[in-house]
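Colleague: The chain contents come next:
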Amino acid sequence: DGGITQSPKYLFRKEGQNVTLSCEQNLNHDAMYWYRQDPGQGLRLIYYSQIVNDFQKGDIAEGYSVSREKKESFPLTVTSAQKNPTAFYLCASMGQGRNYGYTFGSGTRLTVV
Amino acid sequence: AQSVTQLDSQVPVFEEAPVELRCNYSSSVSVYLFWYVQYPNQGLQLLLKYLSGSTLVKGINGFEAEFNKSQTSFHLRKPSVHISDTAEYFCAVKGSNYKLTFGKGTLLTVNP
Numbered sequence: 001d002g003g004i005t006q007s008p009k010y011l012f013r014k015e016g017q018n019v020t021l022s023c024e025q026n027l028n029h030d031a032m033y034w035y036r037q038d039p040g041q042g043l044r045l046i047y048y049s050q051i052v053n054d055f056q057k058g059d060i061a062e063g064y065s066v067s068r069e070k071k072e073s074f075p076l077t078v079t080s081a082q083k084n085p086t087a088f089y090l091c092a093s094m095g096q097g098r099n100y101g102y103t104f105g106s107g108t109r110l111t112v113v
Numbered sequence: 001a002q003s004v005t006q007l008d009s010q011v012p013v014f015e016e017a018p019v020e021l022r023c024n025y026s027s028s029v030s031v032y033l034f035w036y037v038q039y040p041n042q043g044l045q046l047l048l049k050y051l052s053g054s055t056l057v058k059g060i061n062g063f064e065a066e067f068n069k070s071q072t073s074f075h076l077r078k079p080s081v082h083i084s085d086t087a088e089y090f091c092a093v094k095g096s097n098y099k100l101t102f103g104k105g106t107l108l109t110v111n112p
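Protein chains in written order, with the working numbering: chain A, 1 to 113; chain B, 1 to 112.
Hints listed in this document are in silico derivations from the structure and should not be mistaken for laboratory results. Values in this document were obtained by computation on a predicted structure and should not be read as measured data. Virtual Cβ for every residue (Gly too), placed ideally from N, Cα, C. A couple of the hints might just be wrong.
Chain A stretches covered by chain B per the calculated footprint, using a threshold of three residues with CB under 8 Å from any CB of chain B [to be verified]:
no., segment
1, 41-48
2, 99-113
With a straight-line Cα cutoff of 30 Å, these simulated DSSO-like cross-link-like pairs (lysine-lysine) come out [what the hints assert, rightly or not]:
no., chain 1, residue 1, chain 2, residue 2
3, A, Lys57, A, Lys9
4, B, Lys99, A, Lys83
5, A, Lys9, B, Lys104
6, B, Lys69, A, Lys71
7, B, Lys69, A, Lys83
8, B, Lys104, A, Lys57
9, B, Lys49, A, Lys71
10, A, Lys71, A, Lys57
11, B, Lys69, B, Lys49
12, A, Lys83, A, Lys14
13, B, Lys69, A, Lys70
14, A, Lys83, A, Lys57
15, A, Lys57, B, Lys99
16, B, Lys49, B, Lys99
17, A, Lys70, A, Lys57
18, B, Lys58, B, Lys99
19, B, Lys69, B, Lys99
20, A, Lys57, B, Lys49
21, A, Lys83, A, Lys9
22, B, Lys58, A, Lys83
23, A, Lys71, A, Lys9
24, B, Lys49, B, Lys104
25, A, Lys57, A, Lys14
26, B, Lys104, B, Lys69
27, B, Lys69, A, Lys9
Footprint (simulated), chain A over chain B, 3 or more residues, beta carbon under 8 Å [what the hints assert, rightly or not]:
no., segment
28, 31-42
29, 45-51
30, 89-100
31, 103-109
Please build the complete structure, drawing on both the sequences and the hints.
Modeller: Spelled out as structure tokens, the structure:
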């Protein structure tokens with residue numbers, strides 16, 4: 001079955017560390033997205049990529065970085081510059097035509113310890 | 001620019017009662033509309049979507065929504081809810097640059 005896999009499900013980060021969240025899809029979708037979710041704030045877009053080797057900043061890109069070297073993969077790095085990284089992170093990809101719309105992964109909960 | 005307003009942040013209902021979750025949108029591009037559901041500590045799952053055609057859209061788990069262009073609304077309804085429908089529901093509209101714009105979500109709590 002096609003879908004999006006995010007790993008790990010839970011991640012703990014010490015102050016000053018960089019951590020990388022994995023997102024892999026086998027849906028053959030061109031576009032992929034990273035969102036951050038905090039209680040009461042809905043979904044906020046961090047970065048998105050519409051094609052391999054290209055990506056754009058979203059609304060809250062500061063303190064984050066991404067890469068898109070393969071169509072299937074869109075990892076997100078939370079750097080030490082991100083002052084409040086504790087949140088639930090969601091990866092999504094966009095279908096086309098009749099399948100237009102996001103497919104989401106199951107999320108990664110990041111906690112700073 | 002596109003935007004979505006979910007008029008209720010929380011909706012409590014009793015089991016087997018009907019429910020309506022309200023969503024209003026604004027869009028300057030072709031209107032594609034979506035409802036997603038999120039259970040605790042999980043990703044979002046597509047409930048239903050409107051791309052074109054019939055304005056009454058049926059989705060999974062007995063939910064349906066009606067696209068009303070004149071009122072710029074896409075309200076989600078279910079005639080009889082179950083405890084298992086307790087979750088957060090997000091309305092979304094097609095935005096610019098191949099993205100979706102989401103509302104802030106409505107927490108549906110079904111009480112016995």
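Colleague: Are there hints from earlier that the structure breaks, and if so, what are their numbers?
Modeller: Checked against the structure, the hints that fail are numbers 6, 7, 13, 22 and 27, while the rest are satisfied.
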